[in-house]
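Line order of the protein sequences matches chains D and R.
FYI, the UniProt record's numbering numbers position 272 of the first sequence as 272, with every residue one higher than the one before it.
FYI, the UniProt record's numbering numbers position 121 of the second sequence as 121, with every residue one higher than the one before it.
Worth flagging that the hints you see were computed from the coordinates, not collected in a lab.
Keep in mind that a hint or two might mislead.
Simulated crosslink set (DSS-like; lysine-lysine; CA at most 30 Å straight-line) [as the list claims (entries may be wrong)]:
1) 230/D with 152/D
2) 230/D with 170/R
3) 297/D with 326/R
4) 148/R with 66/R
5) 243/D with 117/R
6) 117/R with 170/R
7) 83/R with 117/R
8) 289/R with 230/D
9) 329/D with 356/D
10) 80/R with 702/D
11) 702/D with 161/R
12) 329/D with 62/D
13) 319/D with 326/R
14) 62/D with 319/D
15) 338/R with 326/R
16) 243/D with 174/D
17) 212/R with 153/D
18) 61/R with 80/R
19) 170/R with 243/D
20) 212/R with 289/R
21) 329/D with 264/D
22) 702/D with 645/D
23) 212/R with 306/R
24) 230/D with 161/R
25) 435/D with 414/D
26) 306/R with 319/D
27) 170/R with 66/R
28) 645/D with 435/D
29) 435/D with 626/D
30) 319/D with 329/D
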Amino acid sequence: MEKMSRVTTALGSSAISGQTMFCHLDAPANAISVCRDASQVVVAGRNIFKIYALEEDQFVEKLNLRVGRKPSLNFSCADVMWHQMEENLLATAATNGAVVTWNLGKPSRNKQDQLFTEHKRTVNKVCFHPTEVYMLLSGSQDGFMKCFDLRKKESVSTFSGQSESVRDVQFSMKDYFTFAASFENGNVQLWDIRRPDRYERMFTAHTGPVFCCDWHPDDRGWLATGGRDKMVKVWDMTTNRAKEIFCVQTIASVARVKWRPEKKFHLATCSMMVDHNIYVWDVRRPFIPFATFEEHKDVTTGIVWRHQHDPHFLLSGSKDSTLYQHMFKDATRPVDKANPEGLCFGLFGDLAFAAKESLISSDSNRKPYPGGDRRYPIFFFKKPDQTEQFAHVSSALSVFETDLDSNCMDWFVKTAQLYLLCGKPFAELCDHNAKVARELKRPQVSTTWTMLRIMFSDPANLTPGSNHPLSKLGTLPLMNSKGESRQDNSHLEPGNSLISNNNEDNEETEGSEGQAEYMFGDAELDDDDLYSMEHDNQTEEQEYTLPQEAFQLRHEIMDNPSAPEHLQQDKADSPHVSGNEAEVTCLTPIESFSLISISQPLFTPHLPASFFCPIVREMLSYYAEKGDVQMAVSVLIVLGERIRKEIDDLTQEHWYTSYIDLLQRFELWNVSNEVIKLSTCSAITCLNQTSTTLHINCSNCKRPMSNRGWICDRCHQCASVCAVCHHVVKGLFVWCQGCNHGGHLEHIRNWLKSSAHCPAGCGHLCFRLLFLDQLLELNSANIRTEPSLLTEQRLSPHRFTAKASGVQQQSGGESLTHHEATN
Amino acid sequence: MSIQYEDPTLAGSYDVVGSFPKSFGYGVEDQDLEENCSTSADKPRILLMGLRRSGKSSIQKVVFHKMSPNETLFLESTNKIYKDDISSSSFVNFQIWDFPGQVDFLDPTFDSEMIFKGTGALIFVIDAQDDYVEALERLHLTVSRAYKVNPDINFEVFIHKVDGLSDDHKIETQRDIHQRANDELADANLEKLHLSIYDHSIFEAFSKVVQKLLPQLPTLENLLNIFISHSGIEKAFLFDVVSKIYIATDSSPVDMQSYELCCDMIDVVIDVSCIYGLMQDGSGCAYDKESSAIIRLNNTTVLYLKEVTKFLALVCILREESFERKGLIEYNFHCFRKAIHEVFEVGNLPQDARSSSNNLTGLKYAGAHNGSAV
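Can you build the whole structure from these sequences, using the hints too?
Here it is in structure tokens:
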């Protein structure tokens with residue numbers, strides 16, 4: 001009923017007419033306000049205070065309130081408000097802290113009525129009570145809000161915002177006693193005018209200052225706030241806890257916000273910096289403004305709807321010294337210019353594409369966008385104005401699913417794992433890689449490899465076999481039985497089955513029986529293979545492997561964490577094995593023939609290898625362009641010197657980094673490390689030299705271990721003591737993740753064979769759920785190494801779990817290569 | 001001093017000055033010796049407290065020692081109370097006491113009487129990325145303890161390290177901390193919250209803290225208001241050059257971009273001055289009476305920096321077209337500078353003389369040439 005009555009007034013006031021118009025002011029405006037009958041507007045600024053009459057097609061200056069010879073600071077207005085009941089009454093907030101009221105009914109030239117100078121700092125806002133004639137509220141920078149009774153000389157009550165600057169105060173339209181205040185620290189407070197001692201409610205609305213707030217004219221509970229965080233938020237205050245129901249993100253900090261009359265979901269905003277436009281938002285569609293007014297050349301400082309029941313006229317004042325009346329029908333509709341097409345890739349390569357329905361064949365049953373479906377108020381009998389409609393953009397969304405197989409990157413992972421990049425004669429490498437590619441159903445790649453072999457295989461290189469020098473470590477029998485170490489390794493290397501098959505193949509192809517009969521188990525054989533990668537077939541007849549890098553030896557030792565373990569055990573658990581001690585040179589290379597290469601003298605090399613280089617270069621670029629940088633890099637590595645000079649370093653480096661990045665995304669740490677190692681670009685190889693820091697915590701007090709060494713400097717205990725032999729564990733440390741006790745791998749292993757309880761006697765049933773192997777698998781991931789030694793971890797970093805110890809691990813990745821060796 | 005009241009109604013509102021400790025005052029060049037003699041213990045202090053690793057030392061280093069926020073990662077934890085007297089280089093005449101996080105109030109050696117007595121503001125730093133429940137308990141304990149000793153302390157809470165949180169989480173955390181802190185301290189009724197979002201916002205928060213301790217703030221703000229409105233300036237900051245915190249600005253809202261712009265300008269000016277402005281023998285000061293700079297940006301904005309006092313600089317943002325009237329701005333600035341000096345001289349006057357002096361001298365000057373301006 002109430003609504004109906006107001007609607008009639010709205011319709012009755014449709015006498016308001018006008019057009020988009022503006023007038024020049026003498027000075028920048030700070031705030032504007034209209035009188036109740038929408039016929040006049042007051043403009044206030046630092047140097048201006050005038051009243052304009054709104055005529056049909058122009059503004060007419062009615063009155064200048066800045067009178068007197070010496071302009072007082074009281075005229076320097078930060079805010080102005082025209083009383084909505086009493087049309088002769090105005091209030092201004094001065095930058096010097098004064099609150100001034102003006103009575104237009106005064107006969108004298110100076111209309112100043114009352115002057116309150118109770119605020120110490122700038123008053124940011126004045127607000128009349130919507131229904132009470134004599135009640136005025138002010139909010140100031142000094143953190144106080146004051147309520148004035150205009151019949152008295154001073155304020156009747158003071159509300160303390162606890163020294164936070166007040167940016168805005170607004171009386172509630174519906175609740176007689178309530179007002180909202182917004183603060184520079186991001187809070188909004190609700191006060192009861194009768195209770196000045198404490199706010200009724202407070203909530204944090206924005207990060208950063210809240211510059212403005214506005215109660216919804218119809219809906220009792222809605223409060224819109226705007227802040228420096230560039231957001232406009234609409235709060236439902238009826239609930240117990242202020243609930244954010246809408247949020248509009250703008251492009252600049254929001255200086256003013258005003259609900260649009262008669263439109264429940266519309267509000268107008270203007271910004272304080274950068275952006276000069278006025279936006280009208282439909283809060284239900286927060287991503288694009290409903291309408292925009294772009295007339296102002298400088299920051300808009302004040303906006304007000306001309307009549308409280310007419311949504312078509314908006315007045316605005318600006319720092320560019322103009323006063324505008326905007327007609328809503330003249331507003332720009334950004335949605336018309338918006339591109340209703342959208343395109344996005346999904347995580348798994350799906351492609352979603354939304355476009356206007358008209359553009360897409362309408363065979364499917366699509367529903368229109370719900371937000372565009374506006375329900376008109378019942379009391380509009382005539383058809384609503386077209387300008388009031390948010391453009392109906394109903395888009396159709398199509399999702400294109402990519403074929404799972406083509407999308408799947410398994411081939412990449414498999415190829416990365418299976419490719420051999422070094423360690424064998426060139427021809428064998430090519431053959432092997434061709435085979436890998438063929439098995440993965442990539443015939444082109446496979447053929448490419450074969451071609452490469454044919455092109456570059458020099459008969460001179462074919463006859464001698466490759467060297468297979470073995471590291472001493474490799475030849476030493478491990479404490480672990482074969483099977484167990486295999487389990488360890490299999491844990492480290494998923495997809496080992498493939499590799500192991502592959503390795504068997506290798507053995508066969510090599511056909512070197514003697515090698516196979518070596519003392520150590522399969523696992524060691526594989527290590528052997530990997531070690532032998534370090535040199536290519538050109539180092540024939542060479543007695544010892546020459547490390548490629550100066551650091552080589554050190555890493556070679558450290559990377560085999562199980563080795564120190566068994567080396568130490570003879571020494572009655574004084575397991576100080578420094579890297580140096582274990583340093584090894586590779587021993588006796590085994591001559592072996594590469595049978596395949598010999599058995600396939602398929603061509604006579606009448607063309608020099610360099611003849612093919614341009615073609616190969618082109619081929620590599622082609623693969624790289626196509627996105628198969630893996631191929632490019634692999635060929636680059638395998639061909640080595642043969643092709644390297646043909647391709648400029650930057651391109652190479654680019655390929656390497658792309659490939660390494662890809663590998664790391666697929667968590668193929670070992671492969672990526674191998675690639676890093678084998679690369680010849682200095683920029684790439686140095687990736688390995690950058691130090692990696694691992695942080696260790698003391699196992700007793702859980703604090704970080706700051707200095708290197710075995711003793712925690714906080715609890716003065718050895719950090720990692722074997723629960724079985726009570727010696728410090730230096731090397732592989734295994735522990736139960738339930739009770740944190742642990743020790744030497746072998747000791748724990750033996751212990752758990754006989755007992756399921758914790759060896760430390762803590763009573764924890766370490767072995768309840770886990771079978772031995774699983775336990776070991778789980779925990780072999782957590783390795784403790786000696787801090788002072790710069791030892792290396794056996795793991796890929798991502799496996800390294802939180803508690804694990806840590807050391808400054810230099811060239812950390814390098815070692816990882818060797819652990820790819822799985823059975 | 002022959003000062004006429006321009007607007008008598010305003011005179012009374014500044015009497016509060018007298019109720020503040022006199023050592024808040026700021027000495028200009030002709031500072032009398034007595035002020036200098038005041039022992040450091042008399043100086044109002046800003047205490048930085050909080051749980052360990054919450055970032056107290058980082059804040060202090062970033063704000064007052066020009067440490068870059070990244071470097072603070074490597075700060076050692078503070079083991080003892082670290083007193084930093086910055087009054088020698090900065091306008092801010094305060095001591096910052098950086099407390100170690102694990103200070104124990106129940107420890108008999110902890111002299112809360114001594115520590116809280118002269119304290120102007122207590123900043124409690126909460127690490128938003130940590131579990132802040134413990135911090136809030138600590139806050140409650142600290143605040144109630146300090147309040148008992150000295151009820152005049154301004155309590156500030158910095159929510160630190162929020163930049164690591166997502167936007168939603170950020171405001172949620174802020175709200176939650178606010179709510180809990182207020183609930184716990186409902187009886188003390190002294191809670192204020194500042195949010196520091198990133199390093200520049202630390203500056204802003206610190207600016208607020210310092211401003212609250214500044215009895216002259218309304219006057220300064222007013223002077224700035226007058227100055228900018230008569231000179232066509234959009235925004236003006238009164239900066240403490242060393243720390244780059246603003247001790248006053250005009251009453252229009254502070255925009256972070258403008259503030260950062262001004263901070264950067266100070267950096268540029270000081271850096272250039274350090275390289276080219278010193279004497280051959282390295283003597284001289286990077287910032288002196290002659291310091292002034294104009295930077296024209298490509299968006300028709302002009303940045304204008306002028307020395308105000310030994311420690312203070314005025315940095316203005318204005319439009320190119322306003323800057324055409326440079327002479328007027330210069331003259332207005334001259335008046336403004338004079339007024340600022342007078343304001344701070346008031347702080348040094350004996351107690352009785354103070355109440356009679358009006359800080360608004362600038363008004364007269366500014367008002368006087370208003371006619372020429374418009």
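Structure-based check of all given hints:
1. The straight-line distance between the Cα atoms of residue 230/D and residue 152/D is roughly 40 Å, outside the 30 Å bound, and the hint therefore fails.
2. Distance restraint check for residue 230/D and residue 170/R: the Cα-Cα separation of roughly 15 Å lies within the 30 Å cut-off, and the hinted pair is therefore satisfied.
3. About 23 Å separates the Cα atoms of residue 297/D and residue 326/R, which keeps this hinted pair within 30 Å; it holds.
4. At most 30 Å may separate the alpha-carbon atoms for a hinted pair to count; residue 148/R and residue 66/R exceed this at roughly 35 Å.
5. Of the pairs offered as hints, the one joining residue 243/D and residue 117/R is violated, with about 42 Å between alpha carbons and a cut-off of 30 Å exceeded.
6. Taken as a hint, the residue 117/R and residue 170/R pair is broken in the structure, with Cα atoms around 35 Å apart against an allowance of 30 Å.
7. Using a Cα cut-off of 30 Å, the hinted pair residue 83/R and residue 117/R holds, with the two alpha carbons roughly 15 Å apart.
8. Proximity of residue 289/R to residue 230/D is assessed by CA-CA distance (about 39 Å); at most 30 Å being required, the pair is judged violated.
9. Of the pairs offered as hints, the one joining residue 329/D and residue 356/D holds, with about 25 Å between alpha carbons and a cut-off of 30 Å not exceeded.
10. Pair hint residue 80/R plus residue 702/D holds up; C-alpha atoms about 24 Å apart against a cutoff of 30 Å.
11. Restraint check for residue 702/D and residue 161/R: satisfied, since their Cα atoms lie roughly 24 Å apart, inside the 30 Å limit.
12. Among the hinted pairs, residue 329/D with residue 62/D is consistent with the structure: their alpha-carbon atoms are about 28 Å apart, no more than 30 Å.
13. Straight-line distance between C-alpha atoms of residue 319/D and residue 326/R comes to about 20 Å, which keeps the hinted pair within the 30 Å bound.
14. Distance restraint check for residue 62/D and residue 319/D: the Cα-Cα separation of roughly 21 Å lies within the 30 Å cut-off, and the hinted pair is therefore satisfied.
15. Among the hinted pairs, residue 338/R with residue 326/R is consistent with the structure: their alpha-carbon atoms are about 18 Å apart, no more than 30 Å.
16. Of the supplied pair hints, the one linking residue 243/D and residue 174/D holds, its CA atoms being roughly 19 Å apart against a limit of 30 Å.
17. Note on residue 212/R and residue 153/D: the hinted pairing holds, with a Cα-Cα distance of about 29 Å set against a maximum of 30 Å.
18. Distance hint between residue 61/R and residue 80/R is fulfilled; the C-alpha atoms sit about 16 Å from each other, no more than 30 Å.
19. Under the criterion of a C-alpha separation no larger than 30 Å, the hint pairing residue 170/R with residue 243/D is consistent with the structure, at around 16 Å.
20. For the given pair, residue 212/R sits about 28 Å from residue 289/R by alpha-carbon distance, which is consistent with the 30 Å threshold.
21. Taking the CA atoms of residue 329/D and residue 264/D, the gap is about 18 Å. The hint holds against a cut of 30 Å.
22. A hinted pair counts as satisfied when its Cα atoms are at most 30 Å apart, and residue 702/D with residue 645/D does not qualify at roughly 53 Å.
23. Restraint check for residue 212/R and residue 306/R: satisfied, since their Cα atoms lie roughly 24 Å apart, inside the 30 Å limit.
24. Between the alpha carbons of residue 230/D and residue 161/R the distance comes to roughly 21 Å, so the proposed pair stays at or under 30 Å and holds.
25. Taken as a hint, the residue 435/D and residue 414/D pair is honoured in the structure, with Cα atoms around 12 Å apart against an allowance of 30 Å.
26. As the CA atoms of residue 306/R and residue 319/D are separated by approximately 25 Å, the hinted pair is consistent with the 30 Å bound.
27. At most 30 Å may separate the alpha-carbon atoms for a hinted pair to count; residue 170/R and residue 66/R meet this at roughly 26 Å.
28. A distance of roughly 27 Å separates the Cα atoms of residue 645/D and residue 435/D; the hinted pair therefore holds under the 30 Å criterion.
29. The suggested pairing of residue 435/D with residue 626/D holds, with an alpha-carbon distance near 21 Å, which does not exceed 30 Å.
30. Taking the CA atoms of residue 319/D and residue 329/D, the gap is about 24 Å. The hint holds against a cut of 30 Å.
Violated hints, listed in ascending order, are 1, 4, 5, 6, 8 and 22; each of the other numbered hints is respected by the structure.
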